[in-house]
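**Student:** These protein sequence lines are chains A and B, in that order. Taking this note's numbering, the leading residue of the first sequence gets 1, the next gets one more, and so forth. Taking this note's numbering, the leading residue of the second sequence gets 1, the next gets one more, and so forth.
Take the hints with a grain of salt, since some may be wrong.
Only pairs whose alpha carbons sit at most 25 Å apart, straight line, appear in this in silico DMTMM-like list of lysine to aspartate or glutamate [unchecked claim]:
| no. | chain 1 | residue 1 | chain 2 | residue 2 |
| --- | --- | --- | --- | --- |
| 1 | A | K82 | B | D123 |
| 2 | B | K703 | B | E507 |
| 3 | B | K805 | B | E502 |
| 4 | A | K82 | B | D570 |
| 5 | B | K859 | B | E710 |
| 6 | B | K738 | B | E824 |
| 7 | A | K85 | B | E502 |
| 8 | A | K60 | B | E607 |
| 9 | A | K85 | B | E615 |
For the record, the hints were derived by calculation from the structure and aren't laboratory data.
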Amino acid sequence: MTKLEAIVQPSRFDSVKDALHEVGVDGMTVSEVRGHGRQKGHTEVYRGSEYTVDLLPKVKLEMILPDKLVDSAVAAILRTAKTGKIGDGKIFLSKVDDAIRIRNEERGEAAL
Amino acid sequence: MPDDPRVIPNRGPSSAPSPSPLLTTCAVESASVRERFEGHGDGLAVLREGSAFVDTVIDGFYRDLFSAQKTSPQDFCLVALGGYGRRELFPFSDIDLLFLSLNGQVETSRKDAVAAMARTLWDLRFRVGHTPRTLAECGKLHRDNLEFNTSLLDCRYLAGDPALFERLRGEVIPHLVRRDGQDLIRGFVEMTQARHSKHGNTIFHLEPNLKEAPGGLRDFHVARWLTLVSGLDRQGRWVVPEEVWPQTLQAEGARAFEFLAAARCFVHYARGRDDNQLTYEGQELAAARGIGCAPARSLHPADWMRTYFRHARSVQRLTARLFDEVAPARSSLYALFQDWRSRLSNADFSVVRGRIFPRQPATLGDPRLVLGLFEMMARHGLDPSREAERWVADAVARLPRQPSGIPGLWETFRQILVLPHSAQALRAMHRLGLLGAIFPEFHCVDCLVVRDYFHRYTVDEHTLMTIESLHELRPVQGKGASDGGRHPLEGWQLRFAEILAELEKPELLFLGLLFHDVGKGMPNENHVEGSLAAVEGVFERLGLSLEDRETVRFLIANHLEMSATVMRRDIFDPETIRNFAHLVGSPERLKMLCLLTYADIKSVNPEALTPWKAESLWQLYAATENYLARSLDEERVHSAIAETGKAERVLKLLGSPTSAEEFNTFLEGFPRRYLETHAPEEIAEHFRMGRQVASSQVELSLKAKDRFHELTVLATDRPLLFASLTGVLAAWGMNILKADAFANASGEILDTFRFVDLFRTLELNPGETDRLKDDIAGVVTGRTKLQDLIHGRVDSQIRPVAKVKIAGQVRFDDTSSSHSTLLELIAQDRPGLLYQVSSALAELGCNIEVALIDTEGQKVIDVFYLTAGGRKLTQLLQSNVRDALLELL
Numbered sequence: 001m002t003k004l005e006a007i008v009q010p011s012r013f014d015s016v017k018d019a020l021h022e023v024g025v026d027g028m029t030v031s032e033v034r035g036h037g038r039q040k041g042h043t044e045v046y047r048g049s050e051y052t053v054d055l056l057p058k059v060k061l062e063m064i065l066p067d068k069l070v071d072s073a074v075a076a077i078l079r080t081a082k083t084g085k086i087g088d089g090k091i092f093l094s095k096v097d098d099a100i101r102i103r104n105e106e107r108g109e110a111a112l
Numbered sequence: 001m002p003d004d005p006r007v008i009p010n011r012g013p014s015s016a017p018s019p020s021p022l023l024t025t026c027a028v029e030s031a032s033v034r035e036r037f038e039g040h041g042d043g044l045a046v047l048r049e050g051s052a053f054v055d056t057v058i059d060g061f062y063r064d065l066f067s068a069q070k071t072s073p074q075d076f077c078l079v080a081l082g083g084y085g086r087r088e089l090f091p092f093s094d095i096d097l098l099f100l101s102l103n104g105q106v107e108t109s110r111k112d113a114v115a116a117m118a119r120t121l122w123d124l125r126f127r128v129g130h131t132p133r134t135l136a137e138c139g140k141l142h143r144d145n146l147e148f149n150t151s152l153l154d155c156r157y158l159a160g161d162p163a164l165f166e167r168l169r170g171e172v173i174p175h176l177v178r179r180d181g182q183d184l185i186r187g188f189v190e191m192t193q194a195r196h197s198k199h200g201n202t203i204f205h206l207e208p209n210l211k212e213a214p215g216g217l218r219d220f221h222v223a224r225w226l227t228l229v230s231g232l233d234r235q236g237r238w239v240v241p242e243e244v245w246p247q248t249l250q251a252e253g254a255r256a257f258e259f260l261a262a263a264r265c266f267v268h269y270a271r272g273r274d275d276n277q278l279t280y281e282g283q284e285l286a287a288a289r290g291i292g293c294a295p296a297r298s299l300h301p302a303d304w305m306r307t308y309f310r311h312a313r314s315v316q317r318l319t320a321r322l323f324d325e326v327a328p329a330r331s332s333l334y335a336l337f338q339d340w341r342s343r344l345s346n347a348d349f350s351v352v353r354g355r356i357f358p359r360q361p362a363t364l365g366d367p368r369l370v371l372g373l374f375e376m377m378a379r380h381g382l383d384p385s386r387e388a389e390r391w392v393a394d395a396v397a398r399l400p401r402q403p404s405g406i407p408g409l410w411e412t413f414r415q416i417l418v419l420p421h422s423a424q425a426l427r428a429m430h431r432l433g434l435l436g437a438i439f440p441e442f443h444c445v446d447c448l449v450v451r452d453y454f455h456r457y458t459v460d461e462h463t464l465m466t467i468e469s470l471h472e473l474r475p476v477q478g479k480g481a482s483d484g485g486r487h488p489l490e491g492w493q494l495r496f497a498e499i500l501a502e503l504e505k506p507e508l509l510f511l512g513l514l515f516h517d518v519g520k521g522m523p524n525e526n527h528v529e530g531s532l533a534a535v536e537g538v539f540e541r542l543g544l545s546l547e548d549r550e551t552v553r554f555l556i557a558n559h560l561e562m563s564a565t566v567m568r569r570d571i572f573d574p575e576t577i578r579n580f581a582h583l584v585g586s587p588e589r590l591k592m593l594c595l596l597t598y599a600d601i602k603s604v605n606p607e608a609l610t611p612w613k614a615e616s617l618w619q620l621y622a623a624t625e626n627y628l629a630r631s632l633d634e635e636r637v638h639s640a641i642a643e644t645g646k647a648e649r650v651l652k653l654l655g656s657p658t659s660a661e662e663f664n665t666f667l668e669g670f671p672r673r674y675l676e677t678h679a680p681e682e683i684a685e686h687f688r689m690g691r692q693v694a695s696s697q698v699e700l701s702l703k704a705k706d707r708f709h710e711l712t713v714l715a716t717d718r719p720l721l722f723a724s725l726t727g728v729l730a731a732w733g734m735n736i737l738k739a740d741a742f743a744n745a746s747g748e749i750l751d752t753f754r755f756v757d758l759f760r761t762l763e764l765n766p767g768e769t770d771r772l773k774d775d776i777a778g779v780v781t782g783r784t785k786l787q788d789l790i791h792g793r794v795d796s797q798i799r800p801v802a803k804v805k806i807a808g809q810v811r812f813d814d815t816s817s818s819h820s821t822l823l824e825l826i827a828q829d830r831p832g833l834l835y836q837v838s839s840a841l842a843e844l845g846c847n848i849e850v851a852l853i854d855t856e857g858q859k860v861i862d863v864f865y866l867t868a869g870g871r872k873l874t875q876l877l878q879s880n881v882r883d884a885l886l887e888l889l
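With the rest of the complex left out, here is chain B (with noise of 0.2 Å):
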């Protein structure tokens, strides 16, 4: 028997042992544990083993050192905390010790021989973290050391006094509990809060920590910490955490834990240390190893992971429950927030302590409730209840496999998509399966892993943070609690959130967000093509019209170009711009690429883009922006079919009566913008609409869209007519938000309007869209006098309040068009202006050739190429427009 090396040897109370011959004891243990790991690949195992061979060691020593026998001395005794307390000893985890004194007389004589004892652990190179208390010292709550307090809750006799230990674990730790629960409680969230947001609050981390991260061991410990604090605090006793938890959350959290054991005892391992950094070379040691699973399987890494991810978010899925089981009462302010968000309830959903739950039962699964339940998450940042998640997973198993069958899915998850809160109702449904269920191609890079030493997180989490960080541009509503982690936008994030606000519609861009990186889940080598061909499946169940469905395409083929563009063009120099110019088209496309490249790079990793990437990028969207607004003159249409695959598509919408040289002729001479801005099926009635000018002399459409009317008219052009359409809106106290003024070569205008009904007049009267389209015909064919429609009108409205003050600016550009002027108005907003300015421009024998107007917010922008007698117009007569221009402001 002496020369087995596992014998712990006992040398009776008063010699001090030699550490010496042990190491060679504990370096043949770890090994044969290590070894049969190896072999089984079973982490609990290890830990089991560990904590009982550690615990031999320690029984030897506290003979050694204390007593002989080894419930004795009285007073005093040896107890394990945190893992060790556990039995879930990793291999180079540290052993928490409590050495525990009845009172301060009994610490004091044992003072010696608890430093021999600690001594000689650390010598054998035990990494002992040796904590002497009394009884009451364990009975206080410890503010600045709730660890301590925490590792009490795991704690377990080694040896000395049993009364002592039973006095700790059946008295005082219950004490503590009932006493200071909520404090300690508290304390779990605000450490779980700070070590979550440590490490960017997502589990999908591409090289996680198996302790600290999201969905991690140490959440798992959280877990069972509160389960025991609930036990002793509402049940007054001890329970064992998992047999407490839902059957569910049990068999999940199990699987979890050991497979989250074993990939930790094999980083160890693989590590030789303490460290839980899962990184790529780890992955794919222990994915070839198959490392946690049962039966051990040789897997890809991106696979192996996958499974990891699956069992982290049954982690986190167990920790989010129980805290909201056992949340503390808060702040009588937060409950007032709770009880005024319980108001939120509506026929089909009520909110009680800021959880949604359904009214209607799981049978009843309309799939439209269920995305209704999502929609209400979006607008107000509520969590669902378990209920509503049980109904969600019901309403999901009963999903029709064609989800076509969806009446109205895009108009709900239209709203989902833009609603202040769509990240979280997006990962909600994410989570629950919804969003794998709708859009099965969203499915296939779950819990993806792309390495690249550059993206930190996997490809779903990165792409649902790309919405979420578009959605922090937007100013918070109230300041409600659940807003209250907001950072204040950073200035050069201002004007991202300033370009976000105007875009007509940003669902599209968030639908392109969605999708832009599905393609990385799919055997495609280049993922945009991925991506463009999984998300024609979307288009059809979405039901989207074809202009939306191109301007999606378009961005998610583009989705890396403004990036390529900032980083490896020279962004100054003007054939850069250009180009990029050229690629994006029009003025909204141009916002929309831009906005994504901010969101792609700003979700990469949190460092990924720096104040220098962003002012950079905002200078290629600013440079690109002007350069469409001054190249309208130059770059115009020449051979529309044979220049554009577009026309060609305008051509087979109208059949066969059309002959290619008839459309040529049409588009001939129009701004490019006019081809880029507009859908085939408009450019197709612009022409039929074109066809009749010649023997009517106008020819208007008069639609109502969602927020405003849009006006076309195409006539032939002659002197003041754009102001007389300006004139005939104003007249009617519409208010333009928009407009287009283009001419083609053979002297046709086509003029768009976008206005906004003040005071709801086509609305409320059916009958008076004819008239107006009447009085806009009879004002361009001379039929009707301008000035009797507006007589006594424009100055007789009452001007909206201006809530900013804009001071009205004119400039004028005589470079950038080769026969043209341009003019560059911002102004303050006001009924009729449009019309004044352009009346005034034609009084001053100026004439427009290209007319872009916009509005945004209480800021118009006006740009308007103007020529006299053909010509660029003179310094002398500049400055006359300028003075009556300014005037008028």
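Just chain A, with the same shape it has in the complex (with noise of 0.2 Å):
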């Protein structure tokens, strides 16, 4: 099993979420979050008051995956988040070591 998480644009967070429901992926954790990568802020003026816009608005995806799912949940995130500018977002990927379903303590992929 491995835990995708995934940082995206939120324009293109409805794409990105289709496209992962057409490949299987059945359930995600979606947030609202905020923050920078190499994509610093910049600074606005409105009415004469200057503020930095420091901190962009992303949504974060995370998802826990059967190993044979991972590759083309990858892909259906590229495709459709890339827009080819900076900001475009990140995913990450780690294993993890065991799931249990609290109701039935199922383990393992069967408990995802």
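Dock chain to chain to rebuild the complex, using the hints, since each chain is given by itself in its own frame.
**Tutor:** What follows is the structure, given as structure tokens:
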């Protein structure tokens, strides 16, 4: 099992979600987040007040996937989240040792 | 007989009963109650039969454990409390039992039997709450457990010493109520408020909790308790609540209870537990069976839910009325506040204890007077009295079928929309049927459920919440009790509050909000189209100006666009901002659409507008606002007729002698903002004025508006022209709030000024208007010297006291325009400032290509597009301008 975390542009989120459903990802956790990577913020002026837009709005998706789904999920995200511009986001993959469904104590991929 | 499982065995007092054979009995009985419910759908029968069966079981065990004779032993008895006490036992509700002893000694002697009984009932899977208490304990007010005191109000004798029970019911409880009735009622108020608050203070939930939500069964119980307490306190006797309620509420209340009871039984059976949430799935099943409807018939879920909401509204009305009647005397501070509010009485209405009473009989029901009641509510946050409600109901019945006959409807309704307690007034208008009578368009969203997992409220409630959420952005006037519940604004809300305060016609935004979703109640596939079609009738009835109709249409047509842009476009991409700026066109519309979006998202559910979304919304707003101010030079009109429908409409207004070519020449080169910010009628007037300029050199129009005067000047461009115009206004003591200075490709300038007549010169001296116009024309044509007018005037004027200190700022932007330098100036407002600034610019050789002058409170926000010698300003010149202006500020 693999944990997939992806940070994407809010404007791409709907397409990413649909593409993940299409490749068979059933569930995910989604959060509204703010942050920056190499794409640092910039300064704006509104009515004479300067404000720094240093933490940009992003959407974070988290899901635990059976190993056989990982490649197609990554491909789906790459296909739909990419605009080619700075700030498109990142995908992180990490190994998960075990999963347990609390209701019936199923373990491993069966619990996903 | 022994084969009949429903017969409860009596084994004599000594033996502990074995519950296992009884399990089957209980299961069979429960199943047969359920089966009968499946057939007749009568919830009240379930409650009755369920209670009667438990009575039988308990009776049997009582004989086993306490006494073979039902009315003994002495000084001890078994009492049913709560829902069981009322004989209203829902399939999976708790069974509350009181084991009442005369004193502690009796209680100790019965301890083991009490425990055995509770255990046996538990083993039979009854959900029993058992409470052993002495008579004295029942007479105390348990401030930390008012639920116990409350449950005693529903006490019912089951078995044991009848005299002891009679002392409880006939002496102890009445004595407690006489002594602590006010505290009990206060407890009801607090518990009800807390429960309502947990449920968003509205009955209009899409998946309501049948018991706990406002308008639910618990509210019905509270209404009964209030009546019982009031009866014991004031008449010294137990009353049957339903019999003493006013006749209309009796019937309504009974029907509502019957419906809610059936629905709750249905949900209990469907879920197999004490779950009272009416989920979408549950609604579908209940609607298909026509649960609670007589005769039972299959309904569409949305229609079934409308029935639910109407019953919930009846319960809410009943509870509110009873709270109102038996409300305890409040603190002296509250009394003072109410007393102060009674001074709000006027010729048409009197205010007593915070409620409005009509002074005129209903037969005189002038619709304007009825609207006046709601205007008063919206202004002061008062509630109507019952008399006023009846008066409104009478007036609604007499209302003309074509309410276009109500003179001055828009004027009063406009007030209701913008006043601080607007949502409260609109809710009452809706509840009492007036809103639907005046605007049948709104009636189609009455209690309307639109099923998606995002919305939590019905469409009408969502709509009224949008209006409320904007009013919550306004500063609270004073700290009266009526605003005590309002939370202070979060930092991210303050920005939206600022924009709201700047709106020129907030009433149009509120009107747009009121009708933005009415299309959801219409057969149209796209609700936006439905809303747009419906609102045309509203315009007619209100007699709205063409310009205002355009604005409201724009808001409704685009009410989903801004949130769609925030969520589905990259708001940091300049192309997104440019497209969005084109869509909104003008800063005023941008502000309105931004606030509409804020309110619309915020009213979907309490968590919908996260600070994350609000921040993104605001960033789109700020970027678009900046774009609109910085793109005037680039975004100019070319071949207006081909580009915009608006130009065509102007051409139609102008009639046949005008050629499209001539009109195109007039518009050519004006910033697009000009077309966006003026109504077709105004543009037509400007065009006519423009035709005269060739011979007259200058054309003027000066109009008195609500809060300001508006001056429009058309003339041939020449150096210092803008400075001269501002100079004349300064010399006359006029304070400029807003100004636009535009020019077309033919070298004609079109400047508009909105100014406040600080000394009311024009108002008090009608002849002065012509003299002002004459001075302006004189200065523009060179007949009059500005210096002669201005001599000693500007500096001698009294400066208003600055409430906030605003540091002067001067900023240049060489990138936004391809051939001008943008100068953005922020400063503390003062009379004559614009004249001084524009003169300083002229003296340094700067030509003002475009100017946008704005004042927000005491802050001046000016944008000038400057050239010098037909080019952008050099760095040296920018530096000189900066020094000169900063010195001036």
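**Student:** Confirm or reject each hint.
**Tutor:** Verification of the supplied hints:
1. A:K82 <-> B:D123: Measuring from Cα to Cα gives roughly 62 Å; hence the hint is violated.
2. B:K703 <-> B:E507: holds (22 Å)
3. B:K805 <-> B:E502: holds (19 Å)
4. A:K82 <-> B:D570: Satisfied, since the Cα-Cα distance of roughly 12 Å is no more than 25 Å.
5. B:K859 <-> B:E710: holds (20 Å)
6. B:K738 <-> B:E824: holds (15 Å)
7. A:K85 <-> B:E502: Distance of about 37 Å is beyond 25 Å: violated.
8. A:K60 <-> B:E607: holds (18 Å)
9. A:K85 <-> B:E615: The given pair, whose Cα atoms are some 22 Å apart, holds under the 25 Å limit.
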